[in-house]
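For the protein sequence lines, the chains are W and E, in the order given. Each residue of the first sequence is one higher than the one before, starting from 1 at the first, in this note's numbering. Each residue of the second sequence is one higher than the one before, starting from 1001 at the first, in this note's numbering.
Heads up, none of these hints are tricks.
Examples of chain W residues lying across from chain E (beta carbon under 8 angstroms, computed):
#, residue
1, M1
2, C31
3, Q47
4, V48
5, C59
6, M67
7, E85
8, T86
Covered, in the sense of this in silico footprint (three residues per stretch, anywhere, with C-beta under 8 angstroms from a C-beta of chain E), are these stretches of chain W:
#, region
9, 60-66
10, 77-84
Worth flagging that the hints you see were computed from the coordinates, not collected in a lab. A virtual CB, placed ideally from N, CA and C, is assigned to each residue, including glycine.
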Amino acid sequence: MILGRVVGNVWATRKSERLGNLKLAIVRPYCWYNPIVPTDHVVAADQVGAEIGQDVLVCIGQPGRWMAGDCRTPVEASIMAIVDETTIPRASLEDPQVPFALRPGFAPTTLRLTDETTMAEDRRR
Amino acid sequence: MMLGKVIGEVWSTRKSPHFEARKVMLVAALEQDGESLAVTGEVVVALDEIGARPGHIVTVSWGSGARAVLQPPDNRLVLVDAAISRIIDAHSQEIDGRESVVVEE
Chain W
1 MILGRVVGNV
11 WATRKSERLG
21 NLKLAIVRPY
31 CWYNPIVPTD
41 HVVAADQVGA
51 EIGQDVLVCI
61 GQPGRWMAGD
71 CRTPVEASIM
81 AIVDETTIPR
91 ASLEDPQVPF
101 ALRPGFAPTT
111 LRLTDETTMA
121 EDRRR
Chain E
1001 MMLGKVIGEV
1011 WSTRKSPHFE
1021 ARKVMLVAAL
1031 EQDGESLAVT
1041 GEVVVALDEI
1051 GARPGHIVTV
1061 SWGSGARAVL
1071 QPPDNRLVLV
1081 DAAISRIIDA
1091 HSQEIDGRES
1101 VVVEE
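Kindly produce the complete structure, drawing on both the sequences and the hints.
Structure below.
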């Protein structure tokens, strides 16, 4: 799954019949583990109604294809949800093992740091 | 399947109907570093149905393995390509011919 932001839309008149009336969005990924082709954007089918500037979750591969129609739809990425908020406990960032906040490029508008404790802290009490 | 440490949660209200009522977590990828596990800096977005919390060490399954984590009958058509499949209690590796076990807090 990819966490990214919608940065644009794609329109087409001449296209594969199997594509139908699918809306296509361009998503710039923040979080994409082990991409097949390293790229700074993904074109994803949008059935949720995401707008430019919103953070979204994108599903890659066969499930994304099924959601866009059937197994023959020429789509390999589907937007599955519009992100309201990404919460990261402050304790997660203070853990020296997790240099998450230092990662360049990770800047969802929806990021919020919380004071929620992590599991390890709960156990220590 | 890979090892990771849960570091946060992604919240959303407008979702695909094939993905309702499910939690999505951010998981930092881990790699072996001597006797312990170290964060690589990569972060994975994965669905969670077993109640993992920030700080937990977990395994993440990919592809159809992720769908297999979900309970039937709805696991065929769920929009998911990565899911948390286990919460790890302890892990071990061979060091100098001996098995070294690390129990998580």
